[in-house]
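*Asks:* Let chain L serve as the given structure and place chain R on it in line with the hints.
Listed in order, the protein sequences are those of chains L and R. Residue 1 is where the first sequence starts when you use this note's numbering, and the numbers rise one by one after that. Residue 305 is where the second sequence starts when you use this note's numbering, and the numbers rise one by one after that.
Simulated from the structure, these hints should not be mistaken for laboratory data. Be aware that one or more of the hints could be misleading.
Footprint (simulated), chain L over chain R, 3 or more residues, beta carbon under 8 Å [unchecked claim]:
no.: 1; region: 373–385
no.: 2; region: 394–402
no.: 3; region: 409–419
Quick partial rundown of chain L residues pointing at chain R, CB under 7 Å, derived from the structure [what the hints assert, rightly or not]:
no.: 4; residue: Arg-201
no.: 5; residue: Leu-202
no.: 6; residue: Glu-204
no.: 7; residue: Tyr-207
no.: 8; residue: Asp-208
no.: 9; residue: Leu-209
no.: 10; residue: Tyr-210
no.: 11; residue: Ala-211
no.: 12; residue: Gly-215
no.: 13; residue: Pro-223
no.: 14; residue: Ile-224
Since the structure is predicted, the reported quantities are computational estimates derived from the model, not experimental observations. For every residue, glycine included, the Cβ atom is placed at its ideal position computed from N, Cα and C.
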Amino acid sequence: MAATLEERRDRDRVRRNWWLSVPALVLLFVAAIGPLFIVLVYSFLTPGDYTGVQRPFTTEAWFQIFRERDIFDPAVTTWADAHITIFWRSVKLALATTLITFAVGLPTAWFIATRPPAQRAMWLFLITIPFWTNLLIRTFAILEIIRNEGLLNQVLLGLGLRSEPLQLLYTDTAVLIGMTYVYLPLMVLPLFAAIDRFDMRLIEAGYDLYASRLGVLRRVILPIIRPGIIAGSILVFIPALGAYVTPRVLGGGKNMMIGNFIELQFGQGRNWPLGSSLSVMLLIVVTVALLFYVRVATGGRRDG
Amino acid sequence: MSEAIAVEARGVSKVFGQGDGAVRALDNVSVAVRSGEFFTLLGPSGCGKTTLLRMIAGFESPTSGSILLDGTDITDLPPNRRPVNTVFQSYALFPHLTVAQNVAFGLAMLGRPGDEVKRRTAEMLALVKLDAMAGRRISQLSGGQQQRVALARALAPAPKVLLLDEPLSALDLKLRQAMQIELKRLQTETGITFIFVTHDQEEALTMSDRIAVMSAGHILQSGSPREIYSRPVNRFVADFIGETNFIPATVSGGVAALPGGAVPVARGAGRVTLAVRPEHVRLVPQGTEGALPGRVTNSVYFGTDSHIHVALSDGTEVVARLQSGPEGQSGPAVGTETGITFAPGSVQVLED
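One chain only, chain R, in its complex shape:
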């Protein structure tokens, strides 16, 4: 992965409609995607992630701002003149063509010679392991196979950037997990820059080199999955990615006062919200030094782990994640008096 920028959005805004009914889908968004990276736009539906993707593809034009590809302004280029291909959410495969003809479509439209089209098509079908299906009609394929055809079709013209619009959302869980690994493999093998749009935080964390978390037309935070997960910049990001305990506290002199105790924090002053991931909450015997006293109010078993809900002395609920033991043990029973501590460095101070 180089540091060169493949795609850049500069101060991009998009307003749909006019007057009172106008909706601002993107509000002065700037983002730079590095060449050869797997970049994910993550956010809830309606956050503008798909609009941004469609702008890079050329299906939408920004109300203001510009889109750059390899440093060249492509804002006014139509989709058929951008070396960028899309894997659509609905796949949008051509029903009147065979699998091979679908894959060959882009190359044929680019006017490549027949033998090159043939060779490249065969290569792509092999890459997505569909060689045996070349002559099939699209309607004869399963959802997962259609997904692979859509990938092969978009990759065949060797685009500079591949755009993926929630391509896995129509697949069931097992297939989705298999495709996640497959996508990552394809990206590594081809070295093509992938821009992936999803609302599924787990999908984003598993596959991405970098993630941009979006909400209401803004990018709230972008960084590696680890940065986003362990150092969320605000409450929205912390809440959207993974599970988080939000604990109101008052900070003074580097110490946050909590019901029944206190914890050291790196920054902040006055009333703040502390964020702690459930896996960083530890249950200890009550009375342990530095532990906050509490009582177990609920215990939910998930198989690999359990969520233990602990009410602090003022009623604030904190969830701890406990790995299941070999015998299926899942922590203290409901009603047990317990103490909680937080793993060192795990407490984040959030601006609301």
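One chain only, chain L, in its complex shape:
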């Protein structure tokens, strides 16, 4: 279909005024692409004697992601099981967080979107309230609730549901609870936006055309709000994969995620190149996974 005159005029105007985006481009370069480039360069350098990096250029840091050198004989190498365990735990926890926030977020977003308009603003406001408090403080609040002497265990013990405290803190479950709490709004908001645009009359149409309740959900509602599901999943999965504060506070030192491990290389580990190569690796994995996810989730279509 031919572009209308207005569309062409608008397109021309946008092309002529490209220079207006220069400040944004400069900021993007200085704040995002520049540092990323530095990290990429660092990953090909040698660890400094005390900290930082030094020459020569080497691929050693990339080698170290996968293989571990024997302390006594550097020529002997074994698979870096610890790295793989940490990476796998990160992916597992991030995926679980995404799934749980979706399972909890969908009914929540549906509830808000189906309130009268006057009430909707209030519910959305309540959803965003956690953002007003520092992440660290909120995470410690969760810690207070789930620790052995915390609120949850007091209730469980008080009701006689358990004879001894439930050990939640410093487990993967604790990290999962914390991340679900922290990232839930990031799932609810895009889902709400999608459901808000959803024409509720389509539910009746589906129901009228012999779809069961589950059929309406699967064949009508979910496909139509798919853009919201994709946006919410990406917004939750990416920060969850690189989460640092939550696993640090609730997971203890033992249940490290990839973010904590990278931090370790820049701190006590004094291996900046390995920290850098791990960061770039994480970026590559996330990008590939994302492209794959979007391709699958949109069914290879580019419209809609």
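*Replies:* Frame of chain L, contents of chain R only:
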């Protein structure tokens, strides 16, 4: 058309809300729709016609009373288990599916085999003349085409009854008239019972086998378009369907006394209202035997005809419809003294 009853509502009432704010949308309504007929629920907005339709579809459950389909009580069946499909006012087409996928939706949900779904979908698209659009997205279609998809989608599962909720109201006049003929054709070709909801009396008269006129949760009259138009039971029906002159009169001994004359009537006694359609009012020279004297007060030209407003001697206004002549003549000029008579048998006596 057989005499078998396809859909029946028995003593159906629907109350929305509770306490003081409660609204009685339907009040003890009973109606029977014959198998294979084009049945129209006609009435102003808020009369309960859509509520009744949604009850047959299964979207509302009656507060009391029951709904029967082919003699079986379906009051408690959910919409997906009723062999009834709806064409929605807003069409409610699935935006994420193509035209063909929309049409195939119901059949797929019924679990019909793939080749049957394909064949039936193609058949339906051909029926509504959209074969060429099968792969299009809904957003790429015009309003009239979307209307056809909605029809094909609802007809594809071969429902026992097709419900249509003001489906033509979003279309412009020309398209609406074309779709009226189209709908009638589809109904005749498929032989499916159509229940059509509208507030447009012309639409109802053109397409229906029978009409039920509704107001404030009641069915006032049901019958063929001719019966409803020529023998309205009360003032509301006479006023809602077409145009009508209401003339107060006093009846005694089979004769209604009117300003400057009298006309014979079939029934009634005492003070009544006479109803006469404008096309049954004739203008005759003053002094003609049996004519009521009057004066032309206004003349409105509509193209095919004109409305001539005549004031009787007591000021009561009677409108006469005059067909335009080949030269565009449109009856006597304003101020002309004239006489009016009513076509034999055209005067109805109404209970108010």
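*Asks:* Decide, hint by hint, whether the structure agrees.
*Replies:* Here is what the structure says about each hint:
{"no.": "1", "hint": "373–385", "in the structure": "holds (count 4)"}
{"no.": "2", "hint": "394–402", "in the structure": "holds (count 6)"}
{"no.": "3", "hint": "409–419", "in the structure": "holds (count 4)"}
{"no.": "4", "hint": "Arg-201", "in the structure": "holds (5 Å)"}
{"no.": "5", "hint": "Leu-202", "in the structure": "holds (5 Å)"}
{"no.": "6", "hint": "Glu-204", "in the structure": "holds (6 Å)"}
{"no.": "7", "hint": "Tyr-207", "in the structure": "holds (5 Å)"}
{"no.": "8", "hint": "Asp-208", "in the structure": "holds (5 Å)"}
{"no.": "9", "hint": "Leu-209", "in the structure": "holds (4 Å)"}
{"no.": "10", "hint": "Tyr-210", "in the structure": "holds (4 Å)"}
{"no.": "11", "hint": "Ala-211", "in the structure": "holds (5 Å)"}
{"no.": "12", "hint": "Gly-215", "in the structure": "holds (6 Å)"}
{"no.": "13", "hint": "Pro-223", "in the structure": "holds (5 Å)"}
{"no.": "14", "hint": "Ile-224", "in the structure": "holds (5 Å)"}
Of the hints listed earlier, there is not a single one the structure fails to meet.
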